[in-house]
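Fit chains B and C to the known structure of chain A by using the hints.
Chains as they are written, first to last, in this note's numbering: chain A, 1 to 533; chain B, 1 to 348; chain C, 1 to 335.
Calculated directly from the structure, the hints in this document are not laboratory data. Bear in mind that the values here come from a model prediction, so they are computed numbers and not experimental data. Backbone N, C-alpha and C fix where the C-beta goes; we use that ideal spot for every residue, glycine too. Any given hint could turn out to be false.
[Said to hold, decoys possible] Which chain A residues face chain C? A few, computed with CB under 10 Å, are given here:
hint : residue
1    : L428
2    : E430
3    : L435
4    : G436
5    : V438
6    : P439
7    : R441
8    : I446
9    : P449
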Amino acid sequence: MRTAAKALTVALPAVFILVFFAFPVANLLSTGLVGGGLHVLGGLFGSGRERGVIWFTVWQAAVSTLLTLAVAMPMASLVARMGERRRRLVRALVTVPFVLPTVVVGGAFEGLFRRFGLDSGALRLDGTVWAILAAHVFFNYAVVVRTVGSYWAGLDARLEEQARILGAGRWRTFVEVTLPRLRPAIAAASAIVFLFSFTSFGVILILGGPRRATIETDIYRFAVTRGDLTTAASLAVVQLVAVVGLIALTTMLERRRPITTRQAHRVSQRVGRAWLWGNIAATALILGTPIGVLVERSLSVGDGYSLRNYGALIHRTRRLPVPALLTLRNSLLYAVVATSLAVVVGGLASLVVVHGRRVLSRVFDLGLTLPLGTSAVTIGFGILITLDRPPLDLRTSWIIIPIAHALVGIPFVVRTMVPVLRGIDESLREAAAVLGAVPSRVRREIDLPIGGRGLVVGAGFAFAVSIGEFGATSFLPRRADTITAPVALFRLLSTPGASLRGQAMALAVVLMAVVAVAVVAIESARGTADGGM
Amino acid sequence: MKRSTVKVLTLIVALGLVATACGSTNRTTADTLEGTTITLVTHDSFALSDSTLKAFTDQTGVKVDILESGDAGTMVSQAILSAGNPVGDVMYGIDNTFLQRGLDAGLFEPYASPALSDVPDKFKLDPQHRVTPIDFGDVCVNYWTDALGTAPPTDLADLTKPEYAGKLVVENPETSSPGFAFLLATIVRFKDWEGYWAGLRANDVKVASGWEDAYYSDFTAGGGDRPLVVSYASSPVAEVVYADPPVDTAPTGVLADSCFRQIEFAGVLKGTPHRAAAQALIDFMLTPTFQDDVPLNMFVFPVTKSATLPKVFLDNVTVTDTPLTLDPATIEANRDKWTARWSEIVLG
Amino acid sequence: MLSIESATVRFGELVAVDDVSFTVPDGQTVVLLGPSGCGKSTLLRSIAGLQPLDSGRIVRDGTDIVALRPHERGIGMMFQDHALFPHRDVGRNVEFGLRMKAVGSGERRERVSEMLRLVGLSGFERRTVTNLSGGEAQRVALARALAPAPGLLLLDEPLGSLDRELRDRLVDELPEMLRRVGISAVHVTHDHDEAFAVGDQVVVMGAGRVLRVGPPMEVWADPCTETVARFLGHRNIVGVGARGQVPWGEISVGPGRVVVLPDAATVVDPGGTRIDHRPSFEADVVASRFRGGRREVEVVTIDGSARLVFLLVREVIVGERISLVLDPRRISPIE
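The shape of chain A in the complex, shown without the other chains (with noise of 0.2 Å):
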């Protein structure tokens, strides 16, 4: 019994990636590299180009990085310090830019640019590498606020206040004393907000003007336009062992130390007034204006305004199967399953991480993070070529689509719940062993309703980015009665006519709000235990 509960928590996980992740992968490339394979590989860093794609792509995803965290950490400072209720909200509110499909946000992005004058001239950011950076900001604040606030709520205040005792000033206090304990939740953050920016692909095209390339483009452009498969598979190599790299570093700093985060004692502090109203009009500014432009687009009928577009949504247009309120149905049923694989295959995975023996956690932190660092056309074209035989042939069932969205939800789960349960302090476990509890049933017992706290932020994740996801799965075969609002969106957008750009925008908009009440709904389902932490 304790050993088939042991198994399972390897082996669930571990089938769950090798099926759906790796298998397709590894056969995809090796397609792809058959014959000549190594040669072009070859042939991609001799090409100045190539060189350059590859440079870019590493270095326009760390500097979204750094520019992210340094955007967000002050908002993540004020969730910590909030009390739960709000603190949940703002986690569900900054959320919301992870749903907006990259066509509506870069419409968004190049109406300000034009509104305030960036569009052209001397402080021109569209078709610039600022505004790819932009985007990226406003797209992954989410990851840091969330990742690190809710962390940084769990750890003990007063460490803090010993500091400031001694006469350290808050600056001081902050670099000295916090800092060096969120490592382990900034690293988790920059290594998601990283990988992202790394396969980031609707806004390079939109955004960064016809010049700008990443691995990422490159990789739709031979294998799409091209249909250079070849050449593809080369830059999804080149794109893997960049990943594994940076996992293997991120990995590095999330272990050093871990820090104890039982029994955090909280104090009520008082947050300056100036400080407060300074970050909630930053993060007005950041995620509320290209917010703002949408919602505004969504009323605007003629010359005026109305609800015209809303009301519209309940109707059929020919343009899609069904009225566009109902592709949320399928987008919610999607996410809802996605979700639970995520939820339950990331969190398996994380509890091996954390316990396994060394090898084997390496290995599964290294594994269930690089779906979120690899090409959706590398992951949707594999799984067609390999799932594709009787007795496993997916390509045509629904599973698919949420299998292909866990995917990607699970590096989240697993890179916030991961430092949670390290930071759970030992002799909890030890406690519930003395009182009788079997190993697994400690982690039952323990590790999962205290890890809960991340797992939460990472089910949050996972169904957010489930309700937004268009890459991994636009490279899959979809069937055309599940169409998914998202998808619903895009092909609104796709024909021209006033009217269903209105309800493209109202659509958006609803996907907002519907993400923003299902993370507090998620989030507040996790009941007292959160509170206390």
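Relative to the frame of chain A, chains B and C by itself:
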């Protein structure tokens, strides 16, 4: 420990198999079509009235599942990857810019539909009938009449003139299907197409990554400052059909001289266990039921001579008799060369 | 009955627990007393099964339990800082061990309220543990450890984090609660007052080894070694010559080193009659402190060679020169 791991693994795989077996379609080679379900693989612009495919099912007893696969390029790439073991039975939506790639990969089995007699010969690009033409659309430069501030261009060559400086947005041919079609239009039209693009660049042409981006961000329709965009001949129709508030005439017009013809084909995918049903679906696509339903759903034109166009189409669109065309084999052979050269000239 | 036989734990080069043996008779509390780092907590964790022994046996009622894992040992433990589960309320903390034994919910509820009554927290079932005071958390931890009716209770510095008043109160109450349950206990502390108050037996440890074992009074009055004496807080450690001479005169014990217990001295009137033949000596009072209801007086012998601390009945004032006699029964030789 080892043994139980194996047991658990076996259990999981077995469960997975049962689950998937239940989900997959039941494929039998039956002589009667009644009760068969076939899968139509198409791109994500596909749309029909509810009644249309139902009419097919009523007539033949064949149910049709629809599987969408991103854009046409993605769809063809996917089909090539799974050649011989296709995801579906019929593909619909492969156009002349990707046709040769699909034919070279041996995706289709020949089928000459009797209904082809109703289709003009100019659409029948494959003499072996591996694919059947179903609809066509023209990629043309559109203009927003009120925002142009000058007379609309009448000749493709006009676009390099000073009065249209800073007014045109095109799509990148490497990432966009209409973008590539427009590049082909210029290649067919101008002997010195490279010089033409150099002229467009000098005239401050803007390049967007895709149609949505160009039409809804840069073009006047989305509040942008470019009154000229590469779009479709049918776009003005959609501007009327989906106008809000309603309008009588389209705010946009089409530069007929710039139109490149895209023909969309359907084909029976090689490896289908439902050949007869698949062929029946191809036949059905050439019936008036299907052909008449195509314009207002996908904003393309039916290929059959007997098809009728809705009034809003007739009022707002002119189909040019002399579109620019290019042989699919030439397109496929030169695609990489042309787009690379284009990149050097326009983006370099 | 529990016996520890030649228990040894090594951490690399360091021998944390070095060949330790002692027994815990049924129903008694044995206190492991020693400075921090002496190995007492490590030994306790070994008894619980949390730290494997490198050699030695732990025998409970005739069976060696070394091979058993913590959850199989049926031992209760109170952790330093309590280790209450923050995600469960008081009641669910207390019932944890019962759930592990698959006790039915009705019986669990009864047992929980019985335990909370025992520790004086009736009605606390639904309180969250993070809002408890230190003393309450302590009691909950005790109730949780006792609820599954373990055969043995281990307490790791259980009173370490409490304030003085609470600690004093719990020092009184803890043995009483354990007696009522009738459980054997091993209690680890570095505080000798606490050790003497709660223990039936005291095991003094230093550097991983057992230095002295015995009932509290005996260990206190006869620490046997200077290390133990110093650790127990004895200040009056004196070298005695072959004929009982000390620098300031003579005392009637020796030779060798001795510890003069603080209650050994009586003040005598220098001019008055001597009740017996005990030698007296003179000293100057340098400090007088009132501690725990008793007067602790620090004196320096007039030759300045020794500084001694006594509990005196008669009132003295700082600066006064007094004569003292020592009761030889309150002087113990040490090694």
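Task: G436 (chain A) as an interface hint toward chain C, with CB separation required under 10 Å - done: Since the shortest Cβ distance to chain C is 4 Å, the answer is holds.
Open item on the list: Please check whether E430 (chain A) passes as an interface residue: C-beta within 10 Å of a C-beta belonging to chain C.
Closed with: holds, 5 Å
Open item on the list: Quick check on the hint: I446 (chain A) CB to chain C CB, less than 10 Å?
Closed with: holds, 7 Å
Task: Agreement of hint L428 (chain A) with chain C interface, Cβ distance less than 10 Å - done: holds, 5 Å
Open item on the list: Please check whether L435 (chain A) passes as an interface residue: C-beta within 10 Å of a C-beta belonging to chain C.
Closed with: Constraint on L435 (chain A) satisfied, holds at 4 Å.
Task: Per-residue hint verdict: P439 (chain A), partner chain C, C-beta under 10 Å - done: Holds. Min distance 8 Å.
Open item on the list: Let's test the interface hint: is any C-beta of chain C closer than 10 Å to that of P449 (chain A)?
Closed with: holds, 5 Å
- [ ] Identify whether the interface hint at R441 (chain A) stands, where standing means a beta carbon of chain C within less than 10 Å of its own.
- [x] holds, 7 Å
Task: Interface hint status, V438 (chain A) versus chain C (Cβ within 10 Å) - done: The hint holds - V438 (chain A) has a Cβ within 10 Å of chain C, the shortest such distance being about 5 Å.
The structure meets every hint from the earlier list without exception.
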